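Visitor: Here the structure of chain A is known, so what remains is to put chain B in place on it, guided by the hints.
This is what each chain is made of:
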Amino acid sequence: MSVSTLQTSLVDRAPVTRLTAPVRPAAKRGWRYGLTVAAFLLPSAVPLALFVLVPMVSAAWISLNDWNLITAMQFVGLDNFVELLADPRTAAVFGNTLYYIVGYLPLVYVGGLILALALNRALRGRSFWRGIYFLPVVTSWIAVAIVWRWLLNPNNGVVNTVLGWVGIDGPGWWTEPAWSMPSIILASAWKDLGFVMVILLAGLQAINPDLYDAAKVDGAGAWTRFRHVTLPMLSPSTFFVVVISLINGFQVFDQVYAMTGGGPAGSSQVVVQQIYDLTFRYGAAGEASALSWMLFAVILAVTVVQIIGQKRWVHYA
Amino acid sequence: MKRSLIAAVGLAGVTALVLGGCATEPAEPEGPVTITYGNFISAGGNEDNLTAIVDAFEAENPNITVEVTTLPYGDYFTALQTDLAAGSIADVVDTDFGFFQTLADSGALAPLEVANPESYRESLIEAYSRDGVSYGLPSSFSAVVLYYNADLFDQAGLDYPTSDWTWADEQAAAEAITALGDDIWGSHQPVSFFEYYKVLAQNGESFLNDDRTAVAFNTPGGIEAAEWLVNKSGTVMPTIEQGQGTPDFDTNLFVEGKLGMLHTGIWVFGAVADVPFSWDIAVEPGNTQQASGVFSNAVGVSATSENIEAATLFAEYLTSSQTMVDVRLDTGWELPPISDESQLGVYLTKDNPANRQAVFDSLDGIAIQPIVATGQQEMQDIMNEELIEAQAGRKTVAEALASAEERINAVIGG
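In order, the protein sequences belong to chains A and B. Read in order, the letters of the first sequence are residues 1 to 317 in our numbering. Read in order, the letters of the second sequence are residues 1 to 414 in our numbering.
Please keep in mind that the hints were generated in silico from the structure rather than gathered at the bench. Everything hinted at is true.
Computed Cβ-Cβ distance ranges for the label pairs, DEER-style:
#: 1; chain 1: B; residue 1: Pro-247; chain 2: A; residue 2: Pro-106; range: 26 to 36 Å
#: 2; chain 1: A; residue 1: Leu-85; chain 2: B; residue 2: Asp-151; range: 55 to 65 Å
#: 3; chain 1: A; residue 1: Val-138; chain 2: B; residue 2: Pro-247; range: 22 to 32 Å
#: 4; chain 1: A; residue 1: Met-73; chain 2: B; residue 2: Asp-364; range: 42 to 52 Å
#: 5; chain 1: A; residue 1: Val-82; chain 2: B; residue 2: Gly-221; range: 38 to 48 Å
#: 6; chain 1: B; residue 1: Gly-31; chain 2: A; residue 2: Met-73; range: 34 to 44 Å
#: 7; chain 1: B; residue 1: Thr-396; chain 2: A; residue 2: Gly-164; range: 24 to 34 Å
#: 8; chain 1: B; residue 1: Pro-29; chain 2: A; residue 2: Val-138; range: 42 to 52 Å
#: 9; chain 1: B; residue 1: Gly-87; chain 2: A; residue 2: Ala-49; range: 18 to 28 Å
Note that the structure is predicted; figures quoted are calculated from it, not measured. Cβ atoms here follow ideal geometry from the backbone N, Cα and C, with glycine treated the same way.
Next up, chain A with everything else stripped away, as it sits in the complex (with noise of 0.2 Å):
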């Protein structure tokens, strides 16, 4: 799927043109029509029906019992979630993938736009920059965070070392609770920056260069052209990223599993990866669901209020 399609599904753009013509009622269409309309759907219904929506029908109901995984499960109604609900640590993970959203966010946003103002440029080897910063988004997260782990080793990692040149006493980047946040932050905003400035980069090349023309004409210099011209003509596009970011964020796991496991003290413990300790390492399979189910809500509503907001500063050419 195309970074437009995608950006057009997620909002509620009015049809070019109106459809006027009369359109035959659906049955008198025949069943050879319905069944060209199954064949279409067929290949991303059936994945979307095996690995989306039972697994989130049967999600529900796991919610609603105990279950270790192995005996057979007990129905406690409501109670997993008002465990949860009563459970500092829920708080505490929620208030941590928080954090790593607002860390993350405008970190990897600038960053990203930065480099698609400057690959968007005349530039010699343009399009080898452009695959090089797209490099870590096609890069296992396991390989990342290894590498990074070594980058922010804070007895012999390059970062401390280079910031030891310039007399700075570099944190205890994973090994202390205050830093292991950011390293997740820093760590991600660079494996992610390249698929934020392809998007940017595509929303940068459809504004019409006669905006640019006529507001030189009107005396705009740089920084008027890009407050006025650029920001408002790539809103689309920092829409699709912000909506996507916030919900990739929300589901932060791999580079916490692999970089701290949620440590040290469970400073960098996420939601998810809080499912996952519930699951597979405390037996409680029930609360884990519940988990899941709180999770789904918190990013339905933040999108949804999104796409509610979005009318309000997001331009449409």
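Guide: This is chain B only, laid out in the frame that chain A set:
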């Protein structure tokens, strides 16, 4: 931590099993049967050794084919739980002692009719029994010992460790070796749950109360034991910032010749076999008494298996056959769980390390793994976390233990 502890070894001397009379030997099936075996014991270097045992079993039982699936220890239990939930569990499964409790409690394991229970070390087979009925068969055991770099001891003019060493002796030697150079460290011991319950035992203390409903370590003796672990960090052992606690850090430090003493299991014999300095092992020092970590693994048969008889036959072969004994002793693949100690003589005659007697001497005093009815893993995680808080200096040892006490008691329902 690689293996889980054998609790009931300490129960040796308790009444012998009275299973023998009623057991009927599982017979080979009439038609061809395929059984599956999910394991972690062969992962990471012993795959060929396991294949040798399986091949020998299939040759003796031509009607049974064994399909082996091997996973690393770190992934094995996640996969096993998923298989249990999905109803796709293998006929024969590996387990460590800690997870055996969960499996047996939940009824996932079939009661086994063991043909020759007397061929196993009594304490080991009892560890995997409930009310005299076996639900698992021990497949191996191993012990944690004190490795030492003899060259560094010579350089510091020290006597080598012996089985009557105490914490004070280790501390004095560790300080002298650390003083040899900037890169040289005296002694490495992980700061973890598995070490903590052991040093508690070495100090005459206990992790849990008698009815296992609350912790019992928040005592002056318990604090002293935690300090023994925690205070090594930054004095005679590298700190977390220096890499301590990352996988294989300790073994690598020892192999590089930068570590005087190393507390770890006999499963790293292979990893340190070819080092360019002389080394040996000793029984781990205690404080008021000697107590060693002894670990074992076992195999169980799934209660839902369609071929329980064939599966039991294989489980027993895998854990007590002569082929298994020979393969394990030849290759140093931990120790066979057999009762016939004369067969283990071969083990003692092998070199590198020379003092293999220390492995058996370690069995004289065993620290029993604390097992609770619910919240085992959470209890271990909390203990690890609080000890590391103390190690990192973010809490005092007393604060960490008080916090661990409160949190663990809440989890295990004390």
